[in-house]
Amino acid sequence: GENVEQHPSTLSVQEGDSAVIKCTYSDSASNYFPWYKQELGKRPQLIIDIRSNVGEKKDQRIAVTLNKTAKHFSLHITETQPEDSAVYFCAASIRSGGYQKVTFGTGTKLQVIP
Amino acid sequence: NAGVTQTPKFQVLKTGQSMTLQCAQDMNHNSMYWYRQDPGMGLRLIYYSASEGTTDKGEVPNGYNVSRLNKREFSLRLESAAPSQTSVYFCASQPPSGSSLNTGELFFGEGSRLTVL
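So the sequence lines, in the order shown, correspond to chains A and B. 1 is the number of the first residue of the first sequence in the working numbering; add one for each residue after it. 1 is the number of the first residue of the second sequence in the working numbering; add one for each residue after it.
Incorrect hints may have been included.
[To be verified] Capping the alpha-carbon separation at 27 angstroms, the derived lysine-lysine pairs in BS3-like fashion look like this:
hint: 1; chain 1: A; residue 1: K109; chain 2: B; residue 2: K71
hint: 2; chain 1: A; residue 1: K57; chain 2: B; residue 2: K71
hint: 3; chain 1: A; residue 1: K42; chain 2: B; residue 2: K14
hint: 4; chain 1: B; residue 1: K57; chain 2: A; residue 2: K37
hint: 5; chain 1: B; residue 1: K9; chain 2: A; residue 2: K37
hint: 6; chain 1: B; residue 1: K71; chain 2: B; residue 2: K57
hint: 7; chain 1: B; residue 1: K9; chain 2: A; residue 2: K109
hint: 8; chain 1: A; residue 1: K22; chain 2: A; residue 2: K58
hint: 9; chain 1: B; residue 1: K9; chain 2: A; residue 2: K42
hint: 10; chain 1: A; residue 1: K58; chain 2: A; residue 2: K42
hint: 11; chain 1: A; residue 1: K68; chain 2: A; residue 2: K42
[Stated by the list, open to error] Covered stretches of chain A, going by a simulated chain B footprint (3 or more residues, C-beta under 8 angstroms):
hint: 12; region: 17 to 28
hint: 13; region: 66 to 75
[Said to hold, decoys possible] Per label pair, the in silico range of CB-to-CB distance:
hint: 14; chain 1: B; residue 1: R113; chain 2: A; residue 2: H72; range: 31 to 39 angstroms
hint: 15; chain 1: A; residue 1: V20; chain 2: B; residue 2: P61; range: 31 to 39 angstroms
hint: 16; chain 1: B; residue 1: S80; chain 2: A; residue 2: S18; range: 42 to 50 angstroms
hint: 17; chain 1: A; residue 1: H7; chain 2: B; residue 2: E59; range: 36 to 44 angstroms
hint: 18; chain 1: A; residue 1: E39; chain 2: B; residue 2: L117; range: 25 to 33 angstroms
hint: 19; chain 1: B; residue 1: K14; chain 2: A; residue 2: P82; range: 18 to 26 angstroms
hint: 20; chain 1: B; residue 1: N70; chain 2: A; residue 2: T10; range: 35 to 43 angstroms
hint: 21; chain 1: B; residue 1: T20; chain 2: A; residue 2: S96; range: 20 to 28 angstroms
hint: 22; chain 1: B; residue 1: V88; chain 2: A; residue 2: P82; range: 19 to 27 angstroms
hint: 23; chain 1: B; residue 1: V88; chain 2: A; residue 2: E5; range: 18 to 26 angstroms
hint: 24; chain 1: B; residue 1: N70; chain 2: A; residue 2: P82; range: 39 to 47 angstroms
Because the hints were derived from the structure by calculation, they are not lab data. All C-beta atoms, glycine included, are put in the ideal place defined by N, C-alpha and C.
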């Protein structure tokens, strides 16, 4: 089955600096790559996603890049703010029958230091 | 529109006890999922239901059973709880595959924190 690896497991940055989280996946049939943010004690929520036919997507301070050949994708957060502190999960998804099978990475705990 | 609702939010069990986690969604979604979240291990799929009337095992199904009671409700049962099942459990749902609403996003409940002593 699909295997998603995520690095680093923890990341500390100064407020205003950029943060980059990297993921790799194993199944070349995966076609959808979402990123979820989970604040302490809360549910994971989608913050950005990218499909396999796109190489890059940006939404204000966050962007995601995808390299299908190398099977890796990354989350970039610019001008980090304290409210960006959370755990971030990458995922790879493939349509299987009547549903989309989603495999998550192990998460990155981001701490933004004011 | 409450989204995905899970109960209970917290539960403490003794080894060997049984319990059922309840999940309901009011978004008319077809697919529903149960994940467990453990430190350093991300979200791991326990069981899923692609549509009403069907259920399938995910990555870590041992020790669990599920019931898709109707389109809205998907419950997770621990028949004989073990300390290894101490975790935070999340229910999630997804719009129908092939529909314009299905971007692939999972909609999560607030989670149920289970401790097995």
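Going through the hints against the structure:
1. Only pairs whose Cα atoms come within 27 angstroms are accepted, and K109(A) paired with K71(B) is rejected, the gap being roughly 35 angstroms.
2. With a C-alpha separation of about 34 angstroms, the suggested pair K57(A) and K71(B) falls outside the 27 angstroms cut-off, and the hint is violated.
3. Restraint check for K42(A) and K14(B): satisfied, since their Cα atoms lie roughly 26 angstroms apart, inside the 27 angstroms limit.
4. Taking the CA atoms of K57(B) and K37(A), the gap is about 26 angstroms. The hint holds against a cut of 27 angstroms.
5. Among the hinted pairs, K9(B) with K37(A) is consistent with the structure: their alpha-carbon atoms are about 20 angstroms apart, no more than 27 angstroms.
6. Distance check on the hinted pair: K71(B) and K57(B) sit about 18 angstroms apart at the alpha-carbon level, within 27 angstroms; holds.
7. With a C-alpha separation of about 23 angstroms, the suggested pairing of K9(B) with K109(A) holds against the 27 angstroms cut-off.
8. With a CA separation close to 16 angstroms, the supplied pair K22(A) and K58(A) stays within the 27 angstroms bound.
9. Of the supplied pair hints, the one linking K9(B) and K42(A) holds, its CA atoms being roughly 12 angstroms apart against a limit of 27 angstroms.
10. Proximity of K58(A) to K42(A) is assessed by CA-CA distance (about 25 angstroms); at most 27 angstroms being required, the pair is judged to hold.
11. Pair hint K68(A) plus K42(A) does not hold up; C-alpha atoms about 32 angstroms apart against a cutoff of 27 angstroms.
12. With 0 residues bearing a CB less than 8 angstroms from a CB of chain B, the region 17 to 28 of chain A misses the requirement of three and the coverage assertion fails.
13. A count of 0 residues in the region 66 to 75 of chain A with a Cβ less than 8 angstroms from any Cβ of chain B is obtained; the coverage claim is therefore unmet, three being the minimum.
14. Checked against the hint of 31 to 39 angstroms, the C-beta distance between R113(B) and H72(A) comes to roughly 33 angstroms, which is consistent with it.
15. With their beta carbons about 35 angstroms apart, V20(A) and P61(B) fall inside the hinted range of 31 to 39 angstroms.
16. S80(B) and S18(A) have their C-beta atoms about 49 angstroms apart, which keeps the hinted 42 to 50 angstroms range intact.
17. One distance hint, 36 to 44 angstroms for the beta-carbon pair H7(A) and E59(B), is violated here, with the actual separation near 21 angstroms.
18. For the pair E39(A) and L117(B), the supplied restraint of 25 to 33 angstroms holds, since their beta-carbon distance comes to about 28 angstroms.
19. About 41 angstroms separates the C-beta atoms of K14(B) and P82(A), a value inconsistent with the hinted range of 18 to 26 angstroms.
20. Between N70(B) and T10(A) the Cβ separation comes to about 42 angstroms, which falls inside the hinted range of 35 to 43 angstroms.
21. Against the hinted window of 20 to 28 angstroms, the Cβ-Cβ separation of T20(B) and S96(A) comes to about 27 angstroms, which satisfies the hint.
22. Take V88(B) and P82(A): their Cβ atoms lie about 24 angstroms apart, and the range 19 to 27 angstroms holds.
23. Between V88(B) and E5(A) the Cβ separation comes to about 22 angstroms, which falls inside the hinted range of 18 to 26 angstroms.
24. Evaluation of the 39 to 47 angstroms hint for N70(B) and P82(A) yields a pass: the beta carbon distance comes to about 43 angstroms.
Comparing the model with each numbered hint stated earlier shows that hints 1, 2, 11, 12, 13, 17 and 19 do not hold.
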